[in-house]
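Enquirer: No gaps in the numbering here: position 262 of the sequence shown is 791 in my numbering, and each next residue is one more.
A few of these clues could be false.
[As the list claims (entries may be wrong)] Pairwise CB distance ranges (calculated):
1. Pro734 <-> Glu604: 14 to 22 Å
2. Ala729 <-> His668: 21 to 29 Å
3. Leu619 <-> Asn688: 16 to 24 Å
4. Asn753 <-> Asn688: 30 to 38 Å
For the record, the hints were derived by calculation from the structure and aren't laboratory data.
Quick reminder that beta carbons are idealized off the backbone N, C-alpha and C, glycines included.
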Amino acid sequence: MATYLVGDIQGCFDDLRALLDTVSFNEKHDHLYLAGDLVARGPDSLSVLRFVKSLGDHAHTVLGNHDLHLLAVAEGFKKPKAKDKTQPILDASDRDELLHWLRQQPLLLHYDKRNEIAPGFVMTHAGIPPCWDLQNAKHHAKRIEKILRGDDYRWLLQNMYANEPTHWSNELEELEQYRYTINAFTRMRFCLKDGALDMACKLPPGQMTHGELVPWFEVTPRQNIEETLVFGHWAALGGVVNRHLMGLDTGCVWGGALTMIRWEDGQRYSLPCPIHAD
Numbered sequence: 530m531a532t533y534l535v536g537d538i539q540g541c542f543d544d545l546r547a548l549l550d551t552v553s554f555n556e557k558h559d560h561l562y563l564a565g566d567l568v569a570r571g572p573d574s575l576s577v578l579r580f581v582k583s584l585g586d587h588a589h590t591v592l593g594n595h596d597l598h599l600l601a602v603a604e605g606f607k608k609p610k611a612k613d614k615t616q617p618i619l620d621a622s623d624r625d626e627l628l629h630w631l632r633q634q635p636l637l638l639h640y641d642k643r644n645e646i647a648p649g650f651v652m653t654h655a656g657i658p659p660c661w662d663l664q665n666a667k668h669h670a671k672r673i674e675k676i677l678r679g680d681d682y683r684w685l686l687q688n689m690y691a692n693e694p695t696h697w698s699n700e701l702e703e704l705e706q707y708r709y710t711i712n713a714f715t716r717m718r719f720c721l722k723d724g725a726l727d728m729a730c731k732l733p734p735g736q737m738t739h740g741e742l743v744p745w746f747e748v749t750p751r752q753n754i755e756e757t758l759v760f761g762h763w764a765a766l767g768g769v770v771n772r773h774l775m776g777l778d779t780g781c782v783w784g785g786a787l788t789m790i791r792w793e794d795g796q797r798y799s800l801p802c803p804i805h806a807d
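Go ahead and model the full structure; you've got the sequences and the hints to work with.
Expert: Next comes the structure, spelled out in structure tokens:
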């Protein structure tokens, strides 16, 4: 049995299957952890959802910003983005079943089986804000997950869009807390040096001219999390892997590569991809 971690699929189904074939992925014994954004700009988001769902307990995915956007579009709260290719999902005969399944997925996964590589890993789509330790991160993730899985999920999907607040506080109104949580887990890239979220900049860190912005994982001080932080979302990083971080989005949909890591030994697999996004 092996545990594989893979970055943003974004509807690139054939690339995912090709990468899994290179490691002879066994759907009955191996486990696949996906860093969110299963859908959006690639050619076959419908097949990605069907396949990941079909893996049952052998697939574990967190929600990304594109996944949440699909749910909002399906409820009529948002219009599809011009470059998204998710209409086949909305037209599918199993649409409701797939969207219900997607809505049950978490914002955060904690894999606490220790090995010689690291104590364990925590996976979210974008990262964990510097003001939260693991206990707080899990608590706030569960608050959102409970709503999405319950009867009031439409209210949250309708009201989750905003770039504010940028700072966490226990004094925030409830909806503001939900917005901060969703932004931190699914949209965050840069922060100001005081830890405030910046929702605008998408550049690689090396191209930054704004000295006040730093990658979320370089903010100091930040709460200590012993586990390796695994995330996607930020293709411009080009993938980053060290003792404390695994950035798995290497831009498959943009003509980069699809990247997967076998957790047990740290072996990295990367498959060059054609450009799928318009």
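Enquirer: Hint by hint, note whether the structure agrees.
Expert: Against the structure, the hints:
1. In this structure the supplied range 14 to 22 Å is violated for Pro734 paired with Glu604, their Cβ-Cβ distance being about 36 Å.
2. Taking the beta carbon of each, Ala729 and His668 are about 28 Å apart, inside 21 to 29 Å as hinted.
3. Taking 16 to 24 Å as the suggested C-beta distance range, the pair Leu619 and Asn688 conforms, at roughly 21 Å.
4. A hinted range of 30 to 38 Å holds for the C-beta pair Asn753 and Asn688, which are about 33 Å apart.
The structure shown violates just one earlier hint, number 1.
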